[in-house]
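Here's the letter readout for the chains.
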Amino acid sequence: MKERVHQFGINNALIGITTEPEEGTASSSLPAVIFLNSGLLHHVGMSRFHVHLSRILAAQGYISFRFDLSGIGDSITQKGPSSVVERSINETREALDYIQSSLGVDHFVLFGLCTGADNGHRVAVADERVCGTVLLDGYTYPTVNFVLHRYKDKVFNIPTWYRFLRRCLFPPTSNEQNVETDSTDVLYAWQLPPKQLVKQQLEQLVSRRVQLLQIFTGASQGYNYQQQFQDAFRSVDFGTCIKVEYFENSDHTFTLLNDRDALTSLIVDWMNTRF
Amino acid sequence: MRSHRAFVRLSDQLAVKGFHVLRFDYFSTGDSAGDDGEACLDDWLGDIQKAILELRDISGVTKVSIIGARLGATLATTAVSSLSNIDSLILWDPVISGKNYIRDITSLNARFTQNPYHFKRTPAQPINELNPEELLGFRFPEQLRKSLSDLDINRVSVLNIRRMALIFSKKQPDHISLLKNLSKLGVKTQIYSSQEQVDWDKSQEINLGLTLHKVTEQMIQLLTTEDNA
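Protein chains in written order, with the numbering used here: chain A, -2 to 272; chain B, -2 to 226.
Calculated directly from the structure, the hints in this document are not laboratory data.
Here the structure is a predicted model, which means the values were calculated and not measured.
Glycine residues also receive a C-beta, built at the ideal position from the N, C-alpha and C atoms.
Careful, some of the hints might be misleading.
[What the hints assert, rightly or not] With a straight-line Cα cutoff of 30 Å, these simulated DSBU-like cross-link-like pairs (lysine-lysine) come out: (1) A:K192 / A:K149; (2) B:K117 / A:K149; (3) B:K211 / B:K168; (4) B:K96 / B:K181; (5) B:K117 / A:K240; (6) B:K117 / A:K192; (7) B:K181 / B:K168; (8) A:K240 / A:K192; (9) B:K143 / B:K167; (10) A:K76 / B:K211; (11) B:K181 / B:K60; (12) B:K211 / B:K177; (13) B:K96 / B:K14; (14) B:K211 / B:K60; (15) B:K14 / B:K211; (16) A:K149 / A:K196; (17) A:K76 / B:K14; (18) A:K196 / B:K117; (19) B:K117 / B:K143; (20) B:K14 / B:K47; (21) B:K47 / A:K(-1).
[Claimed, not checked] Where chain A lies over chain B, by a calculated footprint (3+ residues, C-beta under 8 Å): (22) 20 to 32; (23) 132 to 140.
[Unchecked claim] Over the 12 Å line for every Cβ pair with chain B, so calculated as not near, a few chain A residues: (24) E20; (25) D94; (26) A123; (27) Y138; (28) L189; (29) P191; (30) Q197; (31) V241; (32) T250; (33) F272.
Build the full structure now, drawing on both the sequences and the hints.
Shown next as structure tokens:
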């Protein structure tokens, strides 16, 4: 296995690291795996997962590339008229361009968690070189069963009724309403695209036979049962292109070792059966 | 991991001021070789020495200053005690007692796995199903825990450096005794309050990267001014 650091993109502002199989063991037919930033986490990924998975995939013959978007990790901050979303798409495509020109790989699987999943989806739509995506806690939409799952535990929970009745009888004052804040609120504001748009994009990806591995965790506020993704997009004929997995007991970033081990096995098996 | 971007910015700004800077990941962390949990304390102390040699080799400098955060600060202080030509140490929220550090992250780990903010069901996994070496998602084998527990900045007996600056997010009762112990070693030592507060023990934030501007500017100020009285 060989790892190399690269500077690429406009003004060589972007930094990434390739992980390549042992000399002579890389398969030219396999896609390269591109790891995308999640939030402000740099290219090593949550709990160093990108590094860990890159090295395991290298042993299976895959080239991987983990890199930082501008302003994150080791990459230089770039200012310009483009929005953050546009810059993320453009810079990710620059990463694909770079790997294609330097290593001769012309098809890619994108891996992303949270904002990385959002970016991965958008780049997959924009770039036909993407043949697969592994997206964790990406776009999700409520269904009837989502609502039922969400409230079924609360219906039979006495403390929940007590709090509800208390709020009705004694509404909180304006000061009390602002007491609870989540420190993450000020760091990132997430916007869900219209469902109809994402449906059209998924249909576009399926028509290109892009392989989709959608993974959701129990920490996701918008996802709470295994079949929800397929139910939300019931009218999309995914055929054999999709696999959905719900890690109900995992946190958002797969912090616990057992969860990361299970995630690793899932992804490696999926890669080996799909490509 | 949380401090990575802060150190990138700090390095870039120091380079603009003419400093040669080396950032590195210890064995089995970050981008460096080695699997999680494979390293021992001696590996990490040796990595600091290798980094110093590498920086001198590629830049030609002889005098080196070291900046360390949290456990990195503790490792730097321990490693430096056997080195020469180290000008200064800047320690950002250093772990003073390794024993207390292991105790605190064990407690943080328990709080994390029981926090409904992170997990739909709590505790996240039954105790007997969790990997026994695991703390906050990383492997900490027993030998590593023991050797980290034995670290204590107060017990460093030799420091061949010119000056030391300690930057703390929060005042702690053990700061005064630490200052006294370090001063006895004949090193000019000063304590500063961090201009940005970091709560390293908040279980909701253990996976969040830090974007810190004021504390990096504070470190640059400490390195670039000769007399910080």
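Of the hints stated earlier, which fail here?
Of the numbered hints, 13, 19, 32 do not hold.
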